[in-house]
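Guided by the hints, dock chain B onto chain A, whose structure is given.
In order, the protein sequences belong to chains A and B.
Heads up: the first sequence begins at 1 in this note's numbering, then just goes up one per residue.
Heads up: the second sequence begins at 1 in this note's numbering, then just goes up one per residue.
Since the hints were derived computationally from the structure, they do not count as laboratory data.
Some hints could be false.
[To be verified] Result set (DSS-like, lysine-lysine): computed pairs, CA atoms no more than 25 Å apart in a straight line:
1. A:K378 - B:K533
2. B:K98 - B:K13
3. A:K524 - A:K507
4. B:K502 - A:K46
5. B:K46 - A:K499
6. A:K499 - B:K270
7. B:K502 - A:K378
8. A:K224 - A:K420
9. B:K502 - A:K524
10. A:K224 - A:K173
11. A:K420 - A:K325
12. A:K46 - B:K499
13. A:K507 - B:K507
14. A:K507 - B:K524
15. A:K533 - B:K7
16. B:K378 - A:K507
17. A:K378 - A:K270
18. A:K98 - A:K7
19. B:K344 - A:K344
20. B:K533 - B:K499
21. A:K533 - A:K502
[What the hints assert, rightly or not] Now the stretches of chain A that chain B is said to cover, found in silico as 3 or more residues with beta-carbon under 8 Å:
22. 506-512
23. 520-533
In this text, a Cβ means the ideal position worked out from N, Cα and C, and glycines have one as well.
Number of protein chains: 2
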Amino acid sequence: MTGNAEKIITAAKAAYTQGARLVLTPELSICGYPPEDLLLRAAFIKACDEAVSHVALGLAQYPDLHVVVGHPQGSDVRTKSTAIQKRTNQATVLSSGKRVATYAKRELPNYQVFDERRYFTAGEAACVLDVCGTRVGLLICEDAWFDAPCQAAKAAGAQVLAVINASPFHVGKQAERIERMTDGALLTGLPLIYAHCVGGQDEIVFDGGSFALHSDGTLAGRAKSFAEEVWMVDWQASTVRPELVEGGVQDDLSDLWQALVLGVRDYVNKNGFPSIILGLSGGIDSALVLAIAVDALGSERVRCVMMPSPYTAEISWVDARDMAKRMNVRYDELSIIPEFEAFKASLSHEFIGLAEDATEENIQARIRGTLLMALSNKFGSIVLTTGNKSEMATGYCTLYGDMAGGFAVIKDVAKTTVFKLAHWRNQHDPFGTGAQPIPERIITRPPSAELRADQTDQDSLPPYEVLDAILERYMENDQSIEEILAAGFAAADVERVTKLIKINEYKRRQAPIGIRVTHRSFGKDWRYPITSKFRA
Amino acid sequence: MTGNAEKIITAAKAAYTQGARLVLTPELSICGYPPEDLLLRAAFIKACDEAVSHVALGLAQYPDLHVVVGHPQGSDVRTKSTAIQKRTNQATVLSSGKRVATYAKRELPNYQVFDERRYFTAGEAACVLDVCGTRVGLLICEDAWFDAPCQAAKAAGAQVLAVINASPFHVGKQAERIERMTDGALLTGLPLIYAHCVGGQDEIVFDGGSFALHSDGTLAGRAKSFAEEVWMVDWQASTVRPELVEGGVQDDLSDLWQALVLGVRDYVNKNGFPSIILGLSGGIDSALVLAIAVDALGSERVRCVMMPSPYTAEISWVDARDMAKRMNVRYDELSIIPEFEAFKASLSHEFIGLAEDATEENIQARIRGTLLMALSNKFGSIVLTTGNKSEMATGYCTLYGDMAGGFAVIKDVAKTTVFKLAHWRNQHDPFGTGAQPIPERIITRPPSAELRADQTDQDSLPPYEVLDAILERYMENDQSIEEILAAGFAAADVERVTKLIKINEYKRRQAPIGIRVTHRSFGKDWRYPITSKFRA
Chain A
1 MTGNAEKIIT AAKAAYTQGA RLVLTPELSI CGYPPEDLLL RAAFIKACDE
51 AVSHVALGLA QYPDLHVVVG HPQGSDVRTK STAIQKRTNQ ATVLSSGKRV
101 ATYAKRELPN YQVFDERRYF TAGEAACVLD VCGTRVGLLI CEDAWFDAPC
151 QAAKAAGAQV LAVINASPFH VGKQAERIER MTDGALLTGL PLIYAHCVGG
201 QDEIVFDGGS FALHSDGTLA GRAKSFAEEV WMVDWQASTV RPELVEGGVQ
251 DDLSDLWQAL VLGVRDYVNK NGFPSIILGL SGGIDSALVL AIAVDALGSE
301 RVRCVMMPSP YTAEISWVDA RDMAKRMNVR YDELSIIPEF EAFKASLSHE
351 FIGLAEDATE ENIQARIRGT LLMALSNKFG SIVLTTGNKS EMATGYCTLY
401 GDMAGGFAVI KDVAKTTVFK LAHWRNQHDP FGTGAQPIPE RIITRPPSAE
451 LRADQTDQDS LPPYEVLDAI LERYMENDQS IEEILAAGFA AADVERVTKL
501 IKINEYKRRQ APIGIRVTHR SFGKDWRYPI TSKFRA
Chain B
1 MTGNAEKIIT AAKAAYTQGA RLVLTPELSI CGYPPEDLLL RAAFIKACDE
51 AVSHVALGLA QYPDLHVVVG HPQGSDVRTK STAIQKRTNQ ATVLSSGKRV
101 ATYAKRELPN YQVFDERRYF TAGEAACVLD VCGTRVGLLI CEDAWFDAPC
151 QAAKAAGAQV LAVINASPFH VGKQAERIER MTDGALLTGL PLIYAHCVGG
201 QDEIVFDGGS FALHSDGTLA GRAKSFAEEV WMVDWQASTV RPELVEGGVQ
251 DDLSDLWQAL VLGVRDYVNK NGFPSIILGL SGGIDSALVL AIAVDALGSE
301 RVRCVMMPSP YTAEISWVDA RDMAKRMNVR YDELSIIPEF EAFKASLSHE
351 FIGLAEDATE ENIQARIRGT LLMALSNKFG SIVLTTGNKS EMATGYCTLY
401 GDMAGGFAVI KDVAKTTVFK LAHWRNQHDP FGTGAQPIPE RIITRPPSAE
451 LRADQTDQDS LPPYEVLDAI LERYMENDQS IEEILAAGFA AADVERVTKL
501 IKINEYKRRQ APIGIRVTHR SFGKDWRYPI TSKFRA
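The shape of chain A in the complex, shown without the other chains:
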């Protein structure tokens, strides 16, 4: 809270110096979004309120400056076990040390990752503010996705719409936002300024890219994505004249890479971890996560450990060493054979007469998890897990084994996208940490968990192109088995994938959080019961 307040004061002063008289900060800029159940604590609301006053006072010496901050306000009224909410998601205008106007969000999203109706009561009135003779209509995020709040602002005299936002990233979201805001501009015939936040907050990444639209809905300009900045927009009468964006529109893979890097950087830094540790297997998932980690924090803060077993192929060793060298990170090898032998001996009496199966595969993965966690416990590094979305969906991963760690970087990246990202990163070096970091053979060899002899992923799963396509339809888009069959997929594949998704719910429930990059991740936007007989 104090950190955000200070950041707002500093940015507002810088903006004022460059000529700004209205400064917009994002939705809930005082406390960050989403504060979740912290909102239920009276002490949290009070601290937010004090931070708002602190910002107001910190800018009191600029009487012609208006600063819009986002913050929660009010508290809930409890009658026995029922809570009746009178808490609002607020945008307050600060000027001359005082709160000169305030607006309560009217449209409260309660779908996907959003739970705003758990915390907030909807506002009912428009708020239009006079800044240097221009009447500015305030809106908060979801408000601008609906007609009524936009029209109400216009009816109340707005000449320009100012929308403060906290809009979670997913691939393609930037275009969706601009399209929807264009509707709002066209509906009202008003120019629109969209102020957005930047940064990672647990599983969510905010991608910045604030923008301004002319009253005819055309894009006037856009701020940088994935970077904080003070972005200036001039307006006169009915036109906006923003600074142009540097660099222009990026492609989806570039956005995705930036989101993953920002997500890791903010999770690790905001939670105070000095460094990262991860298991490198010689496969593509851990290679990709290593490259993301180095782009996020630099090679000095990343170390990796190769933990070979008797099933580890020669090329896995060679490629892991090669990759670590290319990325210039500390690399160690720890054999898991002694622990594996010890476990097998302890269990030999229990398992007498029984063939080896997934049990022994899981033991290997759990030894690796225990070794990484021991290094984490001793040195304070966070363990990054390296499983992808296709694995999380089908349970092709070991609970307390390769799933052990603090942050699951690519848990929302399907395997087919993992390949695309690896190629992309080998062709681009966006943070200057090293060209072509991933040895080509890591990308081209058939994926294998290397937990038994001659194992490949395709022994247990449909081809990834098929798996990922079914996953997208069933899990991301709620299609039924019937609809997927009608699209031409083989019944056996659809049956297998959807069954695996269902029976592995318990595993996902114990997975570390990870970065959401699609419109439906296995996170806050996937709330399935474990106990359920339904599947269709």
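Below, chain B without anything else, positioned relative to chain A:
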């Protein structure tokens, strides 16, 4: 769905035979509560609809019978990325093979464990049904906690209120419900029938105990708690004449025991596990969980494993063996020493010159977790974890170690309550599985994790009476640090406990689900960010 539909048909026929002409089943009785994101699937809604028709047809031969079933209805309308819900939580009256009336829930809870506004749109109209000349006003759960829906039913001509419910258990909830329903009866001057469900669904337990109130708000009678039954209520004009409850009101510890037993039994059986395995340490938590497991499933389906280390006290062995014998369960011993030695040797180069610390303690816990999971993987048993709420709060437990397992039985039971429950169980044998199952010394010895020499819990934590009192105030009741200090707790204790609660959020996020028995558990009703600087 099919299972519930068949159960409803069977119960309705039995009730009809006993003279019933109106049969109430619980809220969402067709699919169970809460279905969570299954509600977003069109195929799920369709399957529910088919199940409703199946029930209607299955009872078509009883033309004077009315059956009320609960089910979701309708679908959401999506406009770009925004979902507008037109789905309702419905009570439909079936008679003569047809749907003769239907009612949409008006008050949608969206607090604690509830997310109904994520899925449902509120209904607006009352629904009054004529059954054999009596006009019955239908209400669904939360509706009856508010005045307006009760008054609307009366205004529409109701002579009796029939409320179908799915109301999660916590200790004391039964009294809260009766108190609130009494308000509804008094407000309207109508008798009220409260029909409730029974059973465990993931972390939630429904405790049954349907009841009927006279029009003056006095309790007319109550059905059994924690057991399914067809419970008959006569009514004539303005009075209800239910069967009396067997056994009368139970105390809190008895209710709590029943809830834990039912929660385990339903989670294990509904998810198809043949048996249970758990680690027995000679301490009170695992002793209590063993007793609950045996009461839930019988001694033949429960086995336990003692996994001693060099730090295991002689009395732990003796008491664990004694307890297993008293409970008549399979008991084995597996030393973790060889694995511990192997891990220490593998890491000796990494840890050279560094003192032993929590790292080595965690390795021991993780070896135990890996052994239990290996037995689970090989034989299909579910591992029950044995950590209590005080440990979950303070992180006094090892991720992937003692936290490894499928179901955390006592994760919502604070340590001071663990002691009370152990005493209670030694004085009662509610399922006839064995008197005094817990050796007295397990209850009286000072708690210890036994992960280093001469360790006790109180080396790391405040006394449990203090810890649990702070936990209840801070975590269950959202009190601020200031308020807790004002209540007379020592600053150092409050600081330590609240800090531990905060920094262990990441651990809880990867914990198995467990049974909710308080009004705030570390489950769906505790939604805190991991990344946050706030603490007050």
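Practice prompt. Provide an ascending list of the numbers of those earlier hints which the structure does not satisfy.
Written response: none
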